[in-house]
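Protein chains in written order, with my numbering: chain E, 17 to 273; chain A, 1007 to 1225.
Hint data in this document are derived by calculation from the structure and do not stem from the laboratory. Cβ atoms here follow ideal geometry from the backbone N, Cα and C, with glycine treated the same way. Some hints here could point you the wrong way.
To be verified - Here are a few chain A residues that sit away from chain E, every Cβ distance over 10 Å (derived from the structure):
#1 Q1075
#2 D1121
#3 H1177
Stated by the list, open to error - FRET-style restraints, in silico, Cβ to Cβ:
#4 Q1194/A with E88/E: 26 to 36 Å
#5 D1121/A with E238/E: 17 to 27 Å
#6 E266/E with Q1146/A: 38 to 48 Å
Said to hold, decoys possible - Per the computed footprint, the stretches of chain A lying under chain E, defined by three or more beta-carbons under 8 Å from a beta-carbon of chain E, are:
#7 1053–1066
#8 1133–1143
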Amino acid sequence: MGLAKRIIPCLDVEGGRVVKGVQFVDIRDAGDPVEVAKRYDQQGADEITFLDITASHEGRDTTIHMVEAIAEQVFIPLTVGGGIRAIEDIRNMLNAGADKVSINSAAITNPEFVREAAEKFGSQCIVIAIDAKKVSKDGEANKWEIFTHGGRKPTGIDAVEWAIKMTGYGAGEVLLTSMDKDGVKTGFDIELTRAISDAVNVPVIASGGVGNLQHLADGVTEGKADAVLAASIFHFGEHTVGEAKAFMAEQGIEVRL
Amino acid sequence: MSSKICAVIDYGMGNLHSASKALEHVSKNTQVIVTSDPETILKADHVVLPGVGAMRDCMGEILRLGVDQVVAEVAKTKPLLGICVGMQAMMDHSEENGGVECLKYFPGKVQFFGDNLIETQGTQNGEKLKVPHMGWNQVQQVAHPMWQKIEDNSRFYFVHSYYVTAENEQHIQGRGHYGKDFVAAIGQDNVFAVQFHPEKSHTAGLQLLENFLNWDGQA
């Protein structure tokens, strides 16, 4: 008996539609977020994370309606990230049926926002999203820095120190993305994942770089992640969430089957 | 046939959307109402006491709105379901926020998992455990109508940093383990309460909510 490691499919959404193409083998129009969420739910996903890349204000209202529609049919935890900048944004998402919100750049601009959010809504629904890149050279001690704007803009903030600070401010979970590995499909940055997981006392979700099922297992066994997040290996029908869980279970990892 | 009513008590703490949507999803002839109105709650056939957030704020609102008296009245006769902090509020005392007196429906207390929680059994023996206890964990059932059609040791979704221990073994209806043994479900007569979130626990959770709406309050 023990807590299961979680597998979390991640969807990019824009204006209430899933973007970056999600192609399940037997679904044609996979842009409908409700259909996609239901499919992952049926496959045994432990949670679903939505990353809202909508720029316009009107588009964000559409995202709220999307969350409402999903929350009426999918009864597992839902996290929404992207564009969460104010207390009002959090309230809107939670009222729509999200269980957690992830805060990224707004925390860098104003760290107190995380403290205020955790005090108001509880740590359990505040996720700190950290996008980090390795900045140390070969032979030097490992060092990772926080980057914004899709990994283009350095902030000078040390990733491990930032994780400690933000969880101290009340963030109840860390969503950690390696900007070096994101989209590369060569596996998580294991050293980064382990460094953050060892440094904080809250659950850490590893993200960025999953290309096969072994990568997911490595994130847990070597990276010490409490949950693993992936997008493309699930989106294109390469693997189902169920297959990923069966694979992890074979390696002795406790999962919800 | 007039439909039955399930009241979800709204005392301003947290998101009640999920609980009410999940109840609506499983209800066949039950109307789900989110309310803080004592009259509506006392007229309902089934009552849910949810709860999210810190205990001091929760108990503060419960007392300010007179929800304690309504719950005491409901607990005498109607099927009542406590969820998460709603369950913790039914205990004697919580050590959260420097110590908070609770509703004292069940003898027992609510304690912090601790900053240095180590697993002592199973596949994760010796591992340091994160707090909050967040995710899907197993519940070992004690025979009760609320567990109908749910396999023993099914996993439910938990999010909590404080855990319940009960003084009376007879009250324990489900056991969980995370570094230490804790009470995952507690109940007596027509009252049942769970530490996990059935509204977020997929088919097992929905089945529990359906069982609740079908429950006549007899253990």
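We went through each hint and held it up to the structure:
Listed as outside the interface, Q1075/A is consistent with that label: its C-beta sits roughly 26 Å from the nearest C-beta of chain E, beyond the 10 Å cut-off. The claim that D1121/A is not at the interface with chain E is violated, since a C-beta of that chain comes within 10 Å of its own (minimum 6 Å). Listed as outside the interface, H1177/A is consistent with that label: its C-beta sits roughly 21 Å from the nearest C-beta of chain E, beyond the 10 Å cut-off. Taken as a hint, the range 26 to 36 Å holds for the pair Q1194/A and E88/E, whose Cβ atoms sit roughly 33 Å apart.
Roughly 25 Å separates the CB atoms of D1121/A and E238/E, a value that falls within the hinted 17 to 27 Å. The hinted window of 38 to 48 Å between E266/E and Q1146/A is violated, with their beta carbons roughly 25 Å apart. Using a Cβ-Cβ cut-off of 8 Å, 3 residues of the region 1053–1066 of chain A lie near chain E, which meets the minimum of three, so the contact claim holds. Given as covered by chain E, the region 1133–1143 of chain A passes the check, having 9 residues with a CB less than 8 Å from a CB of that chain where 3 are the minimum.
Violated hints, in rising order: 2 and 6; the structure is consistent with all others.
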